[in-house]
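A.B. asks: Listed below are the residues making up each chain.
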Amino acid sequence: MGRRNWAIMLGAAAFIGAFPWLVMPFKAVSHYVDVMVFAGIFSLVCIGLSLLMGYAGQISLAQAAFFGIGAYTSGILTSKLGVNPWIAMCAGTAVCAAVAWLVGVPALRLKGHYLAMATLGFGVIVNIIFAEEVNWTGGPSGMADIPYLRFFGRKITSELAWYYLVWGIVFLVLIFCFHVIHSRVGRALRAIHEDERAAESVGVPTASFKVKVFMLSAVLASIAGSLYTHYVTCLNPSSFNLMWSIRFMLMVMVGGMQSLWGALVGTVLMTFVGNEWLQVFAELEILAYGAILLVVALFLPGGIVSLGSLRRKKHASALEGAGT
Amino acid sequence: MGTDFLQYVISGITIGAIYAMVAIGYNIIYSVTEIINFAQGEFVMLGGLFAVFFAGTLHLPLYLAFICAVAVAGCLGLAMDRFIIGRARESSVLSLIIITIAVSILLKGSAMLAWGKDPYSLPAFSSGGPIMVAGAAIQPQALWITGICALVVIGLTLFFRKSVYGQAMLACANNPQAARLVGIPVRYMVFLSFILSAAIGAAAGVIITPVSMMEYERGALLGLKGFGAAAFGGLGQFFGALVAGLILGLAESFCAGYLSSGYKDAVALVLLLMVLFLKPEGLFGNREAARLKKF
Amino acid sequence: MSGTGYQPGEPILKVNGLWMKFGGVTALRDVCYEMPEKIIQAVIGPNGAGKTTLFNCISGMLGPSEGSIIFLGHAIEGIVPHRIARAGIARTFQHVALFKKMTVLENVMMGRHPRTGSGMFAAGLRLPGMRSEEKLIRSKALEYLEFAGLAGCARVESGTLPIGKQKILEIARALATEPRLILLDEPAGGLNMKETEDLGELIQGIKKLGVTVMLVEHDMNLIMDISDRVLVLHYGEVLASGTPAEIKENSAVIEAYLGAENDN
Amino acid sequence: MKSAKNLICLAALGTLIAAAILFWSRGEGIAAKEPYKIGAVFSITGGASLLGEPEKKTAEMIRDEINKQGGIDGHPLELVMYDDETDPTKCNLAVKKLNKKDEVPVIIGPSTSGTSLAVVGVAEEAQVPLISCAASYKIVTPVETHKWIFKVAGSDSHVVGKMFDYMKSKNVKKIGIMTVSDGFGASGREELLRLAPENGITIVADERYGPQDTDLSAQLTKIRSAQPDAIVNWSTGPTQVLAVKNWRDLGMDAIPLYQSHGFGNLKNIELAGKAAEGVILPLARVNIGNLLPDDHPQKKVIMEYTKSYEERYKEPVSSFGGHAWDSMYLAISALKAVGPDPAKIRDHIENTKDFVGQHGIFKMSPQDHNGLSKDDLEMVVVKDGKWALAK
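Note that the protein sequences, when read in sequence, are chains A, B, C and D.
Numbered per our numbering, the first sequence spans residues 1249 to 1572.
Numbered per our numbering, the second sequence spans residues 91 to 385.
Numbered per our numbering, the third sequence spans residues 108 to 371.
Numbered per our numbering, the fourth sequence spans residues 171 to 561.
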């Protein structure tokens, strides 16, 4: 991980740390802290997706399903079986990793549109299961009264506590993922993205690496799902449907797939756009949303971080060689 | 028991014919451009709603409304390619997926603003009660649906086998560079594929509206099932799409009838996954050809 | 897949009755060949003779229809490419297949992949073992860059290199996997005279490292200069094999190949 | 460093927007007295837009009427409304925003059970009374942990109870049910299954379908083969019309079709056309104001609402608009009585007795945060394209 990334990381951490104190004095934007909690939760999903799509070059429209599997595992274990939420969270990641392995092994042999469709199909099936297994999931009307997360026996209810908990996890995950990227494993993933045949020829087991990164992205989505469950304390299948998988993909895309920072910026931005800034359009919001996507996909395929400069690209690449 | 079975078959075939038509829409664009148009379902929705507009608001006769709706959708398909997809021809698969998704959001949003959120219905193409066959009821509209679907399949097959344009389109599909070299205007063929695909989707939308009504949100799910059928039958295979559409329709109908109606929507997708995992080129696809396509 | 059952001095690679069919086309027809260790082996033949197909079979990119390939005493036909790379066969591609968005150094570091083992968690948590391994990867990669004479452009994005250097870089990347056998597919393609000369020296340098080199090449001068043995393929069949001097005199080869080539 | 700069720019932009919003929000409210705020969250778009749309229209209409009459004791009424797009996450955020940014003393909505459940915790935590327009009993039970939550939509148990009472009078013993697999259908199904045994009714077929299904023949066929005395369909949106059409097309007229109260919209009859004749359903009185006897206590409010809504929007009233009316006026009457104090508003609503609304006469109590019963419904039948009281 280069010095440059550490500098950005420190800057971002300082900004995130200070954010609540910047907005809370102003009533009109005080609820931005709440928006940021969701943005943080979604960031976890999007960081995983960015590793999968931007680095390893594999498309997934199933992230909302993994988000949901984590969420429902946590929800069911804590509210129906009385398991400790933190243990339930770990169980969720285990379940997600297992499911991701089962699906990933056959699915990741596919490419492009076929892979997109296979993951999409899987995502929709999972959503149907959430809606149909009424005894476990509460069905379409959802599951309510899920216990709060506890920290040394104290309920975490305040927005600020959640804010720092979620963003703390986001930064830990970011550091982890940056380390992965700037390592033997990360290089192999980028190699797979660029030329699978050449990667094989230098001894990269491409199939197993693809499955591994798919599993990592699923695990991150699962952690996000568990956090979501205990934050909202209620689950509903519609929070994990296909639309959300698409949204996650767009968040990553808008921010820029080439870097994890893109995932972060895109998620925060799109969460605000979707929940806050497009509200003024009222009925027209859906059109504005579509238009933003179209413009980004057509004219800014590198996402927002690519606006930084073109020089950055070369620079970053050079630094990746130098980083320790 | 026998009656029930027959009834499941009838409703399976009816809905299967619609899936098949949506799937054919995917196939036409795919075979010429290798793009999966995620907005395909929206053309089905638009077809139905435009027909409602022409028949209900402008009081055109039903057949004219049908033609107008299909024509309008065709123009929209052309516009979509001319102004949006055409600009992104060199983009990555991912960008193209996003672009077509964005278009579908725009179409859906516009339809919501234009028609509101209520469902609309059309009168059936021919009046009269259901036809009873061995205790099972066949709605006259179901006959129209299967008939029009059959016409579309036969028409397209003839078009691609016999007509110059059809041959030219297939040539573009097989090798765009070579097609350009022998003087086929590839650009126009792409336009044509979008027009045709949108028009067929819209036709499916018009004929299903009297049975199931139409509202702005209907497109996505029909599009998804249609894609399931397209992939199931092998992308680019018209006959495959027809058979796969019917299989999906029947499978759904039987699942709802004999197993769990709640998991009905999952059936199509499980079939889709199984095909993708076991025989990715589809039931009727050609493995060698599938390998040559760039993804 | 270490060399048990393999005695030094035995052929490093034995190809027995190898067939490769694509649908109706037969690309390799009953190819039998044994290759001694630590030599430079050239494979020549007109276009479509099956040279690249043979490489693809040996490196695991294709599973042969029939026949066996024995490398260091082990059957390797039909084994996936990354395991063959691990077993000690490296290769380059006819059309350069570098990781173009990575730097030159990173490309060679990729070559260290089969000789290292840190996993995702070790990397993510920056465990000490992984850190020292990463340092080793870097220093080893720099050594190979030095060897190939590319140390000066270690930090350049590899896609921006001129084609000649890209070809060399691909060889360096292959060498970094510490192969016993390296397959070079038309390494001189697109190179000028000077570059080709340098390439010849590099290949001889590789031989001196104790690595067996197998190369497909159209540049006859290069082949006659550096190779120890030549194998001639024609329509997927072995037409002749021997030292360059023998091949030069072989009438069948002259008729089938050299004659046609000389027309150009 | 560019990204760092970008972040700073973003922060600056955010602050600027914040300042602008602050400025504008100060600029509003010209009236002499401090405006009273009511927060509202409806599913104006998305899956439940059919519910949210009339709710939004009704709420806006009432706001305009109240302000035309000079507000609540001279305080102009400000309606702060957000669209949750039928998305629980958005709904959750919208309610938090209403609490923090808008500091509303009372919230009406959300429209669906799913979105309502997603905000119960928020309202409890923030101690703001919330009057949901959705039906699920889970929203208001148990009362101990749902102190701040009320709902104005009758529970599905009332609807099912009313329906079963009617069935018993018609000597219906075996029924087949078909429910849509969304929150509305799932909740109805739960109540049908739960209440059937105690009413001496056997459920011989239990079918489900998706909210976007285009054909229900298979489900109906399966039900027919179980030979029930009646069929109950429980859904909203186009599928309930589909059920009617398919039921008629399959020639199943001999088995009466009961619909849920979700069918209570004249548009549905219009869409189903002749096929809808004879369909029976329990309905809130808001839909059938003209059928009520003149001395009925609800007659006046219903007729007034119906008249002004239909004049303003040129479309018939629906049950959902009625929910918005009830929640709006519950909030308004509380504001009028106790002012904009959340705790007092809560207590006031909890002690509201005999509030004459669109959906019935509400009798709230600390044990019952709904206040309706099955007596607030009427059984109606579709006759000549209109509602008629079922005999």
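Be careful, since some hints might not be right.
[As the list claims (entries may be wrong)] Pairs of lysine to aspartate or glutamate, EDC-like flavour, derived with a Cα cap of 16 Å:
#, chain 1, residue 1, chain 2, residue 2
1, C, LYS207, A, ASP1443
2, D, LYS561, D, GLU548
3, C, LYS208, A, ASP1443
4, D, LYS270, A, GLU1533
5, A, LYS1275, D, GLU273
6, B, LYS207, A, GLU1533
7, A, LYS1275, D, ASP538
8, A, LYS1403, A, ASP1393
9, D, LYS317, A, GLU1533
10, C, LYS208, A, GLU1444
11, C, LYS207, A, GLU1442
12, D, LYS523, D, ASP538
[Said to hold, decoys possible] Not close to chain A: a few residues of chain D, all C-beta gaps over 12 Å, as computed:
#, residue
13, ASP243
14, LYS260
15, THR282
16, GLU295
17, PRO312
18, ASN341
19, GLU485
20, LYS514
Derived from the structure by calculation, the hints contain no laboratory data.
Beta carbons: idealized from backbone N, C-alpha and C, even for Gly.
A.B. asks: Hint by hint, note whether the structure agrees.
C.D. replies: Going through the hints against the structure:
1. C/LYS207 / A/ASP1443: Cα-Cα ~9 Å, so holds.
2. D/LYS561 / D/GLU548: Given that 16 Å is the threshold and the Cα spacing comes to 10 Å, the pair holds.
3. C/LYS208 / A/ASP1443: holds (11 Å)
4. D/LYS270 / A/GLU1533: Not OK: D/LYS270 and A/GLU1533 at ~23 Å, beyond 16 Å, violated.
5. A/LYS1275 / D/GLU273: holds (9 Å)
6. B/LYS207 / A/GLU1533: It holds: about 15 Å lies between the C-alpha atoms, which stays within 16 Å.
7. A/LYS1275 / D/ASP538: Not OK: A/LYS1275 and D/ASP538 at ~35 Å, beyond 16 Å, violated.
8. A/LYS1403 / A/ASP1393: Holds - the C-alpha atoms of A/ASP1393 and A/LYS1403 are around 14 Å apart, at most 16 Å.
9. D/LYS317 / A/GLU1533: It is violated: about 35 Å lies between the C-alpha atoms, which goes past 16 Å.
10. C/LYS208 / A/GLU1444: Answer holds: C/LYS208 to A/GLU1444 is near 14 Å, not above 16 Å.
11. C/LYS207 / A/GLU1442: holds (7 Å)
12. D/LYS523 / D/ASP538: holds (11 Å)
13. ASP243: holds (25 Å)
14. LYS260: violated (6 Å)
15. THR282: violated (8 Å)
16. GLU295: D/GLU295 is in fact no farther than 12 Å from some Cβ atom of chain A, at 6 Å.
17. PRO312: Answer for D/PRO312: violated, closest chain A Cβ roughly 9 Å.
18. ASN341: holds (31 Å)
19. GLU485: Per Cβ check, D/GLU485 is outside 12 Å of chain A; nearest 16 Å; holds.
20. LYS514: The claim holds: D/LYS514 sits with its nearest Cβ about 22 Å from chain A, beyond 12 Å.
Checked against the numbered hints given earlier, the structure breaks hints 4, 7, 9, 14, 15, 16, 17 and satisfies all the rest.
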